[in-house]
Amino acid sequence: MLEISNLTHVYGGGPGAHHALGGIDLKVAQGELVCIVGPSGCGKSTLLRSIAGLLRPTGGTVTLGGKPVERTPDDLAVVFQDYSRSLFPWMSVGDNVALPLRRKGMDRPRRREAATEALEQVGLAGAAGKYPWQLSGGMQQRVSIARALAYRPALMLMDEPFGSVDAQTREDLEDLTLRVRSHHDMTILLITHDIDESVYVGDRVVVLSKAPATVAGDLRVDLPGPRDQITTRENPAFVHLRAEVGRLVRGMRNDPAVSS
Amino acid sequence: MTGRSLLDNRLLCGAIGIAGLFCVAELAGRTGLIDPIVFPLASTVVGRAVELAADGDFLADVVSTLGAWAAGLLLTVLIAVPVGFLLGTLPRVESALRPVLEFLRPIPSVALIPLALLLFSDRFDMKVAVIVYAAWWPVLINTMYGLRDVDPLAKETLRSFGFGPLAVLWRVSLPSTAPFIATGVRLAAAIALILAISAELLGGGSSGIGTFILESGSSTDALEYTVAATIWAGAIGVISNSLFTLAERRLFHWHLARTEGTR
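From first to last, the protein sequence lines stand for chains G and X.
Numbering-wise, the UniProt record's numbering puts 86 at position 86 of the first sequence, and it's gapless, one number per residue.
Numbering-wise, the UniProt record's numbering puts 135 at position 135 of the second sequence, and it's gapless, one number per residue.
Incorrect hints may have been included.
A few chain X positions that, by computed beta-carbon distances, are all more than 10 Å from chain G [to be verified]:
(1) Ser-43
(2) Asp-57
(3) Leu-59
(4) Ile-79
(5) Pro-82
(6) Arg-105
(7) Asp-122
(8) Ile-194
(9) Glu-215
(10) Ala-222
(11) Ile-231
(12) Ile-239
(13) His-255
Beyond 12 Å from chain X on every Cβ pair, some chain G residues (computed) [unchecked claim]:
(14) Asn-6
(15) Pro-15
(16) His-18
(17) Ser-40
(18) Ser-86
(19) Arg-108
(20) Thr-116
(21) Gln-134
(22) Arg-179
(23) His-184
(24) Asp-203
(25) Val-215
(26) Gly-225
(27) Arg-233
(28) Ala-237
Subject to a maximum C-alpha distance of 25 Å in a straight line, what follows is the list of computed DSS-like cross-link-like pairs (lysine-lysine) [unchecked claim]:
(29) G:Lys-67 to G:Lys-210
(30) X:Lys-155 to G:Lys-104
(31) X:Lys-155 to G:Lys-130
(32) G:Lys-67 to G:Lys-104
(33) G:Lys-27 to G:Lys-67
These aren't lab readings, by the way, just hints derived from the structure by calculation.
A quick note: this is a predicted structure, and the numbers were derived from the prediction, not measured.
Ideal placement from N, C-alpha and C gives every residue a C-beta, glycine not left out.
Start from the sequences, fold in the hints, and give me the full structure.
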């Protein structure tokens with residue numbers, strides 16, 4: 001459903017230009033949960049912003065559902081890392097979740113209903129009337145996820161979604177992502193710098209090289225489901241994959257290990 | 001313990017301060033430190049102020065001043081907010097107009113009253129024009145400043161859901177800038193009152209608090225009425241400022257909750 005070919009992006013020009021993406025090729029199938037890992041500053045966010053149509057890449061193409069991405073696609077939602085800045089403080093939690101649904105031409109009662117339903121799915125049934133800043137960080141990120149879910153996107157992009165919460169909350173949110181994903185027929189692209197997280201959450205882990213980023217590795221994660229924070233993480237296959245991804249991230253193996 | 005908690009009450013503290021000033025002023029007059037003929041006794045002034053509150057002519061003057069004040073403030077907001085948005089969103093227009101603004105801003109507004117008198121034959125129009133000129137600066141500057149403070153990620157979030165630039169302006173930039181605009185309007189309200197009365201003092205005219213002060217100069221107890229009217233002008237300023245502060249707290253509690261770091 002998502003096809004990226006030879007995507008390049010350069011910030012600025014002249015000798016000071018920063019080559020963020022150096023020709024990325026990636027195909028994501030319908031319903032897949034793909035994690036993208038890479039060293040910090042490797043251009044992961046640039047990639048995400050290009051897919052979301054928030055940034056016009058210098059070269060290459062992104063096609064979503066057969067159509068080239070030029071503006072922000074209609075059936076796409078983004079969950080950003082910085083929930084406190086991404087949620088609107090002047091609106092209640094319910095209104096925050098309902099706002100994007102205006103784009104779908106839904107009337108007020110239907111928007112409200114969809115928001116309530118989405119909040120229930122992330123375990124925040126009673127929070128609609130509160131303001132985002134009255135909630136804990138983990139709960140705020142749940143609201144962001146609910147906002148994306150209510151929109152019912154074909155593709156959900158998550159940019160380091162659990163980077164700003166504590167370890168326990170992080171595990172809860174990882175499991176939440178796996179749970180909602182099994183409920184919706186949704187394709188998810190999750191960007192992270194956490195190697196363990198990428199293996200635990202993903203069906204596939206795509207490793208990017210240092211900037212200018214290229215695909216350094218593409219590994220299929222074959223772990224028994226349903227995944228569990230304790231048993232999955234002690235599974236030898238998990239430990240092996242984690243090491244594999246870790247090596248690729250550190251650039252210890254140059255040949256792209258395509259194991260799909 | 002109770003004494004301390006009583007002093008923690010800001011309203012009570014303020015009342016004690018005012019009562020204290022009253023006592024000192026009254027005492028200075030009674031003991032002859034200040035000759036009551038040179039400056040009236042505090043109690044006399046308060047008496048005159050109460051008298052004025054029931055004086056139809058003076059109330060008409062207050063209404064006249066407040067009318068120009070309100071009209072000027074409304075016009076200020078209607079002009080300064082859109083211009084602030086224009087300058088805040090179009091950097092090229094801003095850099096083109098910046099020298100003009102930088103030149104006009106330091107000109108004391110009161111100095112423009114004689115010019116306004118020549119330009120506007122109607123006294124009310126003259127007052128409103130002077131008010132708008134003086135009061136629009138804080139609204140304009142705060143709007144531009146607030147717009148610069150809008151979180152790019154908040155805008156990007158809405159864009160990522162496919163909203164266009166106008167929707168982003170309306171749904172993110174405006175609400176996010178609103179608390180800054182409100183602060184600008186509160187400051188503008190105080191300036192507008194000063195300018196309304198200044199224009200009346202310099203320009204004359206048939207009614208207004210300034211006109212009242214100007215005209216009471218001919219009566220025997222002129223000084224007492226002048227000071228009493230001045231006290232009312234101050235009181236109006238305090239009341240307007242409190243009302244604006246209260247409205248800000250009500251409307252933008254989310255902004256306060258955020259900037260004060262409470263969760």
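Hint check results:
With a minimum CB-CB distance of about 49 Å to chain G, X:Ser-43 clears the 10 Å threshold, and the non-interface call stands. With a minimum CB-CB distance of about 46 Å to chain G, X:Asp-57 clears the 10 Å threshold, and the non-interface call stands. Chain G leaves X:Leu-59 outside its interface by the beta-carbon criterion, the shortest separation being 40 Å against a cut-off of 10 Å. At roughly 25 Å from the closest C-beta of chain G, the C-beta of X:Ile-79 stays outside 10 Å, upholding its exclusion from the interface.
For X:Pro-82, the shortest C-beta to C-beta distance to chain G comes to about 21 Å, beyond the 10 Å cut-off, and the non-interface label holds. Every beta carbon of chain G lies more than 10 Å from that of X:Arg-105, the smallest distance being close to 30 Å; the non-interface claim holds. Against chain G, the non-interface label of X:Asp-122 holds: every CB pair exceeds 10 Å, the least being about 41 Å. Listed as outside the interface, X:Ile-194 is consistent with that label: its C-beta sits roughly 32 Å from the nearest C-beta of chain G, beyond the 10 Å cut-off.
Non-interface status of X:Glu-215 relative to chain G is upheld: no Cβ of that chain comes within 10 Å, the nearest being about 48 Å off. With a cut of 10 Å on Cβ distances, X:Ala-222 stays outside the contact zone with chain G, its closest approach being about 52 Å. With a cut of 10 Å on Cβ distances, X:Ile-231 stays outside the contact zone with chain G, its closest approach being about 39 Å. No beta-carbon of chain G comes within 10 Å of the beta-carbon of X:Ile-239; the shortest separation is about 28 Å.
The beta carbon of X:His-255 is not kept farther than 10 Å from every beta carbon of chain G, the shortest such distance being approximately 7 Å. Once the 12 Å rule is applied to beta carbons, G:Asn-6 is consistent with being away from chain X; the minimum gap is 24 Å. Every CB of chain X lies more than 12 Å from the CB of G:Pro-15, the least distance being 26 Å, so the non-interface label holds. Every beta carbon of chain X lies more than 12 Å from that of G:His-18, the smallest distance being close to 19 Å; the non-interface claim holds.
Taking the minimum C-beta to C-beta distance to chain X, about 18 Å, the non-interface status of G:Ser-40 holds against the 12 Å cut. Chain X draws G:Ser-86 into its interface by the beta-carbon criterion, the shortest separation being 5 Å against a cut-off of 12 Å. In this structure G:Arg-108 is separated from chain X by more than 12 Å, as the shortest Cβ-Cβ distance comes to about 15 Å. The Cβ of G:Thr-116 sits about 19 Å from the closest Cβ of chain X, beyond the 12 Å cut-off, so the non-interface label holds.
Annotated as non-interface, G:Gln-134 brings its C-beta within 12 Å of a C-beta of chain X; the closest such distance is 7 Å. No beta-carbon of chain X comes within 12 Å of the beta-carbon of G:Arg-179; the shortest separation is about 23 Å. Under the 12 Å C-beta cut-off, the non-interface status given to G:His-184 relative to chain X holds; the minimum distance is some 17 Å. For G:Asp-203, the condition that its CB be more than 12 Å from all CB atoms of chain X holds, with the nearest at approximately 23 Å.
Interface exclusion of G:Val-215 from chain X stands, the closest Cβ pair being 24 Å apart, more than 12 Å. With a cut of 12 Å on Cβ distances, G:Gly-225 stays outside the contact zone with chain X, its closest approach being about 30 Å. Even its closest Cβ contact with chain X, about 32 Å, leaves G:Arg-233 beyond 12 Å, as expected for a residue assigned away from the interface. At roughly 35 Å from the closest C-beta of chain X, the C-beta of G:Ala-237 stays outside 12 Å, upholding its exclusion from the interface.
For the hint pairing G:Lys-67 with G:Lys-210, the CA-to-CA distance comes to about 29 Å; that exceeds 25 Å, so the pair is violated. As the CA atoms of X:Lys-155 and G:Lys-104 are separated by approximately 19 Å, the hinted pair is consistent with the 25 Å bound. Pair hint X:Lys-155 plus G:Lys-130 holds up; C-alpha atoms about 22 Å apart against a cutoff of 25 Å. Our distance criterion of 25 Å between C-alpha atoms is met by G:Lys-67 and G:Lys-104, whose separation comes to about 19 Å.
Taking the CA atoms of G:Lys-27 and G:Lys-67, the gap is about 14 Å. The hint holds against a cut of 25 Å.
Hints 13, 18, 21 and 29 from the list above are not met by this structure, while the remaining hints are.
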